[in-house]
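K.L.:
The chain contents come next:
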Amino acid sequence: MAEAGFTVVRLAEFAWSKIEPRPGDYDFEWLDRAIDILAAHGIQVVLGTPTASPPPWLMARDPTLFRVLLDGRRVAFGLRREYCPNHPGYRRAAQDIVSCMAEHYGQHPNVIGWQIDNEFGDRCYCPICTTAFHAWLQERYGTLDEVNQRWGTVFWSHHYTAWDQIPAPSSTAWPPNPGLGLDYSRFCSDSYVTFQQQQIDILREKSPGRFITHNFMGFHYDQINYFDLAARLDLVAWDNYPSFQWNMDAPLDPTLPALSHDTMRSLKQQPFWVMEQQAGPAGWDMLGPTPRPGKLRLWAYQAIAHGADGVVFFRWRTATVGAEQNWHGILDHHGRPGRRYEEIRRMGAEIKTLSRYLEAAQPAARVGILLSYDSRFSLQLQRYNPNLDYTAIVREIYRVLHRLHVTVDLVAPDGDLSPYRLVIAPVLHVVSETVAENLRRFAEQGGVLLVTARSGVKDDANRVVQQPLPGLLAELCGIEIEEYDSLPPGATNSVRFVSPWLANGQTAEAHTWCEVLQPNGAEVLAEYQQDYYAGRPAITMNHLGAGHVIYCGALGGHDLFQPLLRSLLETAGVAPVAVGSEDLEIVERRQGDRSLLFVLNHHDEAKDFALQSDYINLLDGAPVKGTVQIGPNDLVILAGQNNHEG
Amino acid sequence: MAEAGFTVVRLAEFAWSKIEPRPGDYDFEWLDRAIDILAAHGIQVVLGTPTASPPPWLMARDPTLFRVLLDGRRVAFGLRREYCPNHPGYRRAAQDIVSCMAEHYGQHPNVIGWQIDNEFGDRCYCPICTTAFHAWLQERYGTLDEVNQRWGTVFWSHHYTAWDQIPAPSSTAWPPNPGLGLDYSRFCSDSYVTFQQQQIDILREKSPGRFITHNFMGFHYDQINYFDLAARLDLVAWDNYPSFQWNMDAPLDPTLPALSHDTMRSLKQQPFWVMEQQAGPAGWDMLGPTPRPGKLRLWAYQAIAHGADGVVFFRWRTATVGAEQNWHGILDHHGRPGRRYEEIRRMGAEIKTLSRYLEAAQPAARVGILLSYDSRFSLQLQRYNPNLDYTAIVREIYRVLHRLHVTVDLVAPDGDLSPYRLVIAPVLHVVSETVAENLRRFAEQGGVLLVTARSGVKDDANRVVQQPLPGLLAELCGIEIEEYDSLPPGATNSVRFVSPWLANGQTAEAHTWCEVLQPNGAEVLAEYQQDYYAGRPAITMNHLGAGHVIYCGALGGHDLFQPLLRSLLETAGVAPVAVGSEDLEIVERRQGDRSLLFVLNHHDEAKDFALQSDYINLLDGAPVKGTVQIGPNDLVILAGQNNHEG
Amino acid sequence: MAEAGFTVVRLAEFAWSKIEPRPGDYDFEWLDRAIDILAAHGIQVVLGTPTASPPPWLMARDPTLFRVLLDGRRVAFGLRREYCPNHPGYRRAAQDIVSCMAEHYGQHPNVIGWQIDNEFGDRCYCPICTTAFHAWLQERYGTLDEVNQRWGTVFWSHHYTAWDQIPAPSSTAWPPNPGLGLDYSRFCSDSYVTFQQQQIDILREKSPGRFITHNFMGFHYDQINYFDLAARLDLVAWDNYPSFQWNMDAPLDPTLPALSHDTMRSLKQQPFWVMEQQAGPAGWDMLGPTPRPGKLRLWAYQAIAHGADGVVFFRWRTATVGAEQNWHGILDHHGRPGRRYEEIRRMGAEIKTLSRYLEAAQPAARVGILLSYDSRFSLQLQRYNPNLDYTAIVREIYRVLHRLHVTVDLVAPDGDLSPYRLVIAPVLHVVSETVAENLRRFAEQGGVLLVTARSGVKDDANRVVQQPLPGLLAELCGIEIEEYDSLPPGATNSVRFVSPWLANGQTAEAHTWCEVLQPNGAEVLAEYQQDYYAGRPAITMNHLGAGHVIYCGALGGHDLFQPLLRSLLETAGVAPVAVGSEDLEIVERRQGDRSLLFVLNHHDEAKDFALQSDYINLLDGAPVKGTVQIGPNDLVILAGQNNHEG
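Protein chains in written order, with my numbering: chain A, 472 to 1117; chain B, 472 to 1117; chain C, 472 to 1117.
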């Protein structure tokens, strides 16, 4: 490991039964020894608390320790994450093992940080959670009357007269009341936040000076409000497996890890770690394709380009036992160094010389995309259309910006918008008064705001608003929505841009959802071309002093959002990191006026990149000018001549 | 509402927890007030009994109140219709709330009728139902010996020696014994019939002079024998949502509501109501496409054309809360009148002048299609072929007749066939002695009878008959079936018509199922052309005095059934309402020799209709002659000059 | 039956409730009478023990008698095979009924054999099985430490400290630990083996001189180790339904029953029976296509060609009751002889004159395909790739040999390989030391061995081996596997043959899985042509004295395996039964140098077969020379002139 340039190792995240083979019978010797060996080679340690994988002797105590699925079945022992996060007995056991580990290693000089549990998630619908949900509701709303009121339990005779009448959602009664459903999703998210907090409290006390983190699952995981989960941690880390999920229709897309990196960086507006970086072919019972030569190094550099401060590969050697036999490490099952080892070792050497350039530099975004977990949770319950997918729509918009080489943050709807010139609100379905006010303030202060279809539909209680849509955003957008049309899969309309501001005369395809807009002060940017709403407005722009609010009532793809975002960037005065070369990923880390340009080629063929000025490629120290060729699955890191201290 | 021309409103069908928020604590004030306001505007009220949506305090009493699904899971609280229809505790609670409402409103001058519960359905497989099933069997068959005999429990060692050994069907033991399966389906249907009867008895006593109805779910709902459910009601009503279910392959098809209207009218051979007529885009978590301008009015007129006496739109204003937030009313969530309101208001005005023409006039059918719930239930258990779908086959035959503008009734197999000249028995799979006799009588008295493949296979106990097929119908049809062949999906044979009676020389495609017929007195009308049974008979005609019995051993589509039905109509001497114009729906309401012709254009483009003589268009009072153009999603209602009293 | 030439009838395999309608109340009268009538017509009887279908009165005793599914649901009464095979109460009841039947019929002169239960299978996951599994583990491994060690329970904190902590697999925790999963599959297989043994013991004692068999389900059934199930029986029988499962993509394929026949013959290296030979269209709720004229006779002769000593059609008359109403017998529901009866009667007459030729002659294979239930069970847990299907890969290889008219045995990996010149190890995923040694011995003694991709990956405990792949076979194969690549569905690579030994210069498609080979003494036979491993070895040959070991690292289809197997057969000196005519099935039964050639035409058109010498067609006694035409779904049985004693 030392030879390959590793400086940090994560350990023990699933080692509960190894540390405590029998109740109260602790064995740290093996782990002490491992940490000592690592220390002897200058490798520091992040310790995982092992609460994601309780030992059999613990789970055998009580069947209610096991989670219950939405379909009512109780999970059996045999994987990991079997536990109910609200079970008092489980919480006690978790506190005990964490306390004990923190006592033992809290001040160990070679232990630099803690990872709590592993990949929190998985909602539980058991009676204990249901009762905890009642308490959560009582805490949040005070009275049953308030709950009945907010959820509209007058509908279908659901008026509750006692807290314990309130059920958890169930697949036998799906979809749930929208208010109950959204609150249960929030409650499940909060359950893990409080479960985590109990461990944070212990570690803060017993292991001062060490960072505390958790390994998140990127942008695409949608069962926990990650802003909440990140709030009390020192550091966000996440697990990055670009080729875990694969199919022929959607081959490896570098946009996906990019979006996750930017999301993870944005959670705390801080550098993040990749705690598990893919090190080989991956899968459980199924195995994804083998990463092509260069990919592992390229993916790790992509993380760094987007602001990662640490990248930890998972795992060192492939396990010969257990359900992750197919989750390949740097070394194969046989343990001999091979192609993947060599690739990572090369990178280890490079990083040594690179690190001083990277230190304070970070991506600096002037564009923010709102990431609303309330909207996401709401749309999980009521999707409206098979193709109306919150995650996919955010990804579509992000992809356009990513290909335009624009640096992007993902921001909570009630977050600080002052750093941004352009803010995008995709499917901002649930809008509270606070959020509406936040957006209004941003626009009034000269910001450019894009709001898409299906925004402003719901209030904080997941009720449809009683105003014309987009509800609390209607006045801001200067429109009212007259009608909407849910298009069957495969059906399309088209949109014609009718303003010099926006690709005048061009057309784009609309699919999935079309809203017919009634301008109420806003100017019309595009009109539908088909069906009974042909000629009616599809996109509008409202002017608020120096600010501009664009409403896009149609959903579509690249041909719709690319021209729209280009015009928006221009209006907002946001310059991309580079122009052209859409087949390359170009990302900037910047500190003051010093800039590092990462140019990544994710293709299996070489690509040319035309330089705007002269640079040094930090990977080999060579000056580059004119055009630089970047090999397949390779990259260059460019520093302006004045940047380069070598 | 009054302004829009409404004269009736349905109320309170899910309002149990609003009426009785706590056990025994009744609150009618809000409902009194609503009914008074409506009365003040001349709007009458149909009250729903709220038993489809029990309040939480009731369901919290006992977990056995909840239904059990075929897969053994007990339904959780959270939707509606959670209840077991045979639970004595639930039946008692239902009687109490209905008695109480009937006491309060039974003689209210503005209450004109009652709707019982809401959309009965959903089979229950719980222990209480299983025990009730035992009693149902005992009542029906007397002894266990008889049950064992009828079900053939000698097979697989299923001989029962005690009633309580008899299970309900379960997806863990599927398919069930055919006899048990059919009887359980009948029992479930009867469970709702008796559940409903308890409410009828209360309402008859406490609310004399008011009609009693239930809102059925049209032709396509196949879990209850609707002839039985309708028998003791005063009026059949149903809920009509033409665009609730949609996909690109089968766009909005006006045949589907037409078939349901005709079915609903036929259940009691009486005018019916539409108790819920679609008023906007509809769906629960998914949302169907927005009805195009004109559709709502057109659909409502379609109901009237097929014999509806009342059309109640669902709903007035879209709910901002609850699981039906997407089930759009005439008004959107914001409550302001819009396009849909205007369309319905226009119709309200029209109806005022139309009603006197409509009064006694009704569709008058000379063609009956047998609708056999026994056959339908039997085929739910044993489908034989992925494409052998009872509902689809009836629809295919109905569609041919609908395009030919022929008025059709749907008739119970043991119903009165004397009004008809042509009777069609599609997939009459289960045939009792009574039904066989009914068909024989019809044919002998000069009727024309069409029997399709897979008819006469089962006796009343769902046993395969021991005679050659089509069993009890074999002699009547003058054939025996020598072999049958279940075709894999996509495979076809073809059929050549070989008689001057039937499109001599033409061919048609056969798919799904081919029976090789052995004439036994019948004449051959068509032969197969492929495979080892090429040249063997596929369609035959038997002559019984003045009557004719046609047997069609192949299943197919329009090219098979259209020529066949044309010849049958001619032989039966049934004239369609109009000739040609297959892209228009043309329906007649007739009283004596006065005739109203509804010509409906369901397309998004205008269509021409060539008139046979001169008419008055009752919608605008204008005389029409020659050719009339009908706008997109519009209609004309034509009265002969002599009909028109204006 | 006698008229149709039947000499044996199987009876009573599901007749428990008929024999013992009430506990302890036995009724043999009806069965005595049936056996007497059959005896009077010279028809002998095989009796089934009825333990596959317990009567309701037995199952009503205790809910724990019912099996539990992988998803945790307990099976309900209503089909057959509901029972838990480890339930002590069920085992006792089974012993009682079998003892009683054996007492009554054990020495009956007309009873010639016994079939135990019916189509064993269906794993159970109930608590009783879980406890039995603990005992099974204790018996096999002695200590928990050994179990923890072998399963690698250190992974994910699964270290067990008490036997009763060990769970059965569950779909709520899928996939299970690979060691636990494989052992549970073995345990389930053993459960039926021991359940069967209890009946064997009773029958051996009470019915001496009668053969004991069970009706297996052919090659394709993969839940029981059939070598183990066959070991203590006198005779293997199986149930052959060539058109039970059908679809348009894979029409009736004569390779499938051929492969099953060869597997069943190989289990004991003895002639076998078909205990249920398809007699008409078949299915439960769905019905397969009707067998074309000639098929029933042809399928029965196919069984004989592959070594069947007895063929019993299922069933005589189609049941009019029960879940198998669609499982057609020789007679239809009405019981009148028809086309199928005539076809079988014809065969009955033929068999009378044929039998003396068939007697000692048997297929004689020089090629063995290894059938590894351990590998099959292991791949059920971890399939690696959607298209990596053990059954399909064996079938693909078998199909090539079948079309080349090569006689094949299916052999256990630790079986006697000395009869074979060529042994094929397809996906030999789990390899014990014993198996590795068996293969080494075979090759060293001059055999030709083909090993395919994904062999040698796992040890006996389902751990990945710690050596380079193919693990214990690496040295034998003279290679190491450097990398492997799991190809997404639809993706392909291609392979070029680069040795004069193997179709030099030709190419073939590779899909699903590609291994990059590192020769370590072996010679390269083929190379990949695409992707980053283009030019790297795909197929190699290692020489061990007189033996040859070929390793094929790519998976593919006919174009890959056909040239490879042709070269292997040539090297091994194995001559096919005939050359050319790949559209005919040609099978040989041989005794010494006397040979019977079965030439079967499974097509719906006639085919020509060119003879190498002069023969007698035993079916009609006519001499044939030059070219013989074989009608659709017909066959000839050819004996050399010297063979023919007529």
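Do not take every clue at face value.
Heads up, the list lumps identical chains together, so a pair's fine if it works in one copy or across two of them.
Claimed, not checked - Dumping the calculated SDA-like pairs for lysine to any residue here, alpha-carbon to alpha-carbon at most 20 Å: (1) 766 x 1005; (2) 739 x 780; (3) 766 x 832.
Treat the hints as calculated values from the structure; they're not laboratory data.
K.L.:
When the hints from earlier in the document are held up against this structure, which numbers fail?
P.N.:
3
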